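Enquirer: Listed below, chain by chain, are the residues.
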Amino acid sequence: MQIVVLVKPVPDPAAGGERLGADGRLDRAATPAVVNANDEYALEAALKLVEAHGGEVTIVSMAPSNGPETMRKALAMGAHRGIHVTDDALAGSDHVSTARVLAAALKDLEYDLVLAGADTSDGLAGVVPAGVAALLRLPYLSYAAKIEPDTDAGRVRVRRISPTGYDVLEAPMPALVVCTQALGEPRYPSLKGIMAARSKEIAAKALSDIGVDAASVGGAVATTKVLGSTAPPPRAATRVVREPPDVAAREVVEFLAQRRIV
Amino acid sequence: MAGLWVIGEVTADGGLARISTEVATLARTLAKAADQDVTGIVVAADPKAAAAELATYLPRVLALTEPAAADHAWAMIAADRIAGVLEPDAKEFIFVGAGPDGRDVAGALSALTGWGILANTTAAAWADGGPTIDMSVFGGKLTTTSAFTDATGIVTVRPNVVTAEPAASAGSVEDVKPVGDLKQPVVSVVERVAEATAAAPIEEARIIVAGGRGVGGPDGFKLVEEIAEALGGAVGATRAAVDAGWIPYAQQIGQTGKIVKPQLYLALGISGAIQHKVGMQTAETVVAVNRDPDAPIAEFADLVVIGDLFEVGPALLTELRARPGSG
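So the protein lines, in turn, are chains Y and E. In terms of this note's numbering, the first sequence opens at residue 240 and continues consecutively. In terms of this note's numbering, the second sequence opens at residue 31 and continues consecutively.
If we strip away everything but chain Y, and leave its shape as in the complex, we get (with noise of 0.2 angstroms):
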């Protein structure tokens, strides 16, 4: 089968330099960029299931010119071959925007599955897998804790994770799934992998390539703006107890008293 990965390049968060730029918007170029860590589930689904039932993965990021440097980190997990999105008119994208170009990339390919991490950690909204379900009309199946399909069928099955346990959905393919831990640990790739990664190929396309107007995507056609920005206040010094378990058990609910919480 073919699958298709979002993957999304993110600052570190384990770096911790995240910071907006004068114009609001993310500076990418402030903090090292990782594989977003839930598109690392679902990469890792992927693999497993091309492992299962033969196949390939092709991974598409919409990113800045060096997007391939973290592209190579999921080839090296594994992925087969990597799509980069790149166009100067796209920094700057919002929601939409990023919806309709992985949409539009994703016109051009053949693939039985796309999947998807449930949020990135820069934006964390969790809303593009859906529009880009919608554009394509593709069968959506979100908050996947396990994916099977059938391949002789033309069908997947997903446990969606619900608030009371789960839904076993089931729509025919090509389908879209969104991704989450609960699919289980991303491998590390192997030095093999890594060596291997170094000659996939990764393609760059530029908006002209998946037939999107420049005009209509990107910074200047955004939806939203950032008006300002402020740091939470300070939280208050740490309150340190450092005694025997009685009398520590007993501040700890005169303070949470104090604050009127139990």
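There's no promise every hint is true.
[Said to hold, decoys possible] Subject to a maximum C-alpha distance of 30 angstroms in a straight line, what follows is the list of computed BS3-like cross-link-like pairs (lysine-lysine):
(1) E/Lys171 to Y/Lys464
(2) E/Lys288 to E/Lys171
(3) Y/Lys444 to Y/Lys287
(4) Y/Lys464 to E/Lys62
(5) E/Lys213 to Y/Lys346
(6) E/Lys213 to Y/Lys385
(7) E/Lys288 to Y/Lys464
(8) Y/Lys385 to Y/Lys287
(9) E/Lys62 to E/Lys121
(10) E/Lys288 to Y/Lys312
(11) Y/Lys287 to Y/Lys312
(12) Y/Lys385 to E/Lys62
(13) E/Lys121 to Y/Lys464
(14) Y/Lys312 to Y/Lys346
(15) E/Lys78 to E/Lys252
(16) Y/Lys385 to E/Lys288
(17) Y/Lys431 to Y/Lys444
(18) Y/Lys287 to E/Lys78
(19) Y/Lys312 to E/Lys252
Hints in this document: simulated from the structure, not taken from any laboratory. Remember, predicted model here, so these are calculated numbers, not experimental data.
Put chain E on the given structure of chain Y with help from the hints.
Expert: Just chain E now, with coordinates in the frame of chain Y:
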């Protein structure tokens, strides 16, 4: 017609999701400040009960009966139908919860309408003919205030941003029939499985007691659960505890789990790595129990007990249970 819309989400038993009561309260407050209309919409196979409940918060609610929602995934159907109800040239803003269903419906509706999204609202105001939305970014290091560039938009709202309050008088419910076929493909729900162990949902909990690697195993989580019960709270966990199989993924807080904003976050055996911190640091009060005085959580907790969780925890239980009115 200009105005605000609230999408009512429906629970498995046909009632209104708690998040929708909060979203409705927020939107009603904004609408009043802005002198705008506010309308609720519930899309379901049987929207009656949820629509009636939503109408206790809003002056007018549309109950759209969509039979396909009975045994098909809800969000795409709801987006499809709501897009059909909106007037093409309307100046409108749509409010919905920022949970899984809310995100799904917001993303799909945005693609169908071309309207922008401001996500994960932690506070909202009204200025220049539209909402201004605060959201916490970069793991809580910054709060941004944003607006739409157009007179339309979709807003997703985090749980616990406002306290749900019914309106002074209940509003009207109007039945709406769906017009035309659904344009989006539907996804069958083959089975809905309720897990016996399903715990209280952490996103909406007022108090969360969470365990990390320091809890040591599933047995250790029994202590976490007992303390949560004594406090009337829900149980949360770090990724390490989830990966170890001690507790289900649904309870995970952090970068690849849930983001929560409870009144109290009691962290037991949690070091407070950045990936976990981003999920809980907007909690009003953070109390931690940890053996390591240098653990990162000691830097952002309001109170930290340096000690062994398996000594402090039982003592805490004793204290909590001894309080007047408890258990």
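Enquirer: Each hint should be assessed against the structure and marked as holding or not.
Expert: Hint check results:
{"no.": "1", "hint": "E/Lys171 to Y/Lys464", "verdict": "19 angstroms, holds"}
{"no.": "2", "hint": "E/Lys288 to E/Lys171", "verdict": "17 angstroms, holds"}
{"no.": "3", "hint": "Y/Lys444 to Y/Lys287", "verdict": "27 angstroms, holds"}
{"no.": "4", "hint": "Y/Lys464 to E/Lys62", "verdict": "24 angstroms, holds"}
{"no.": "5", "hint": "E/Lys213 to Y/Lys346", "verdict": "18 angstroms, holds"}
{"no.": "6", "hint": "E/Lys213 to Y/Lys385", "verdict": "27 angstroms, holds"}
{"no.": "7", "hint": "E/Lys288 to Y/Lys464", "verdict": "26 angstroms, holds"}
{"no.": "8", "hint": "Y/Lys385 to Y/Lys287", "verdict": "11 angstroms, holds"}
{"no.": "9", "hint": "E/Lys62 to E/Lys121", "verdict": "16 angstroms, holds"}
{"no.": "10", "hint": "E/Lys288 to Y/Lys312", "verdict": "26 angstroms, holds"}
{"no.": "11", "hint": "Y/Lys287 to Y/Lys312", "verdict": "17 angstroms, holds"}
{"no.": "12", "hint": "Y/Lys385 to E/Lys62", "verdict": "45 angstroms, violated"}
{"no.": "13", "hint": "E/Lys121 to Y/Lys464", "verdict": "18 angstroms, holds"}
{"no.": "14", "hint": "Y/Lys312 to Y/Lys346", "verdict": "25 angstroms, holds"}
{"no.": "15", "hint": "E/Lys78 to E/Lys252", "verdict": "40 angstroms, violated"}
{"no.": "16", "hint": "Y/Lys385 to E/Lys288", "verdict": "19 angstroms, holds"}
{"no.": "17", "hint": "Y/Lys431 to Y/Lys444", "verdict": "28 angstroms, holds"}
{"no.": "18", "hint": "Y/Lys287 to E/Lys78", "verdict": "44 angstroms, violated"}
{"no.": "19", "hint": "Y/Lys312 to E/Lys252", "verdict": "39 angstroms, violated"}
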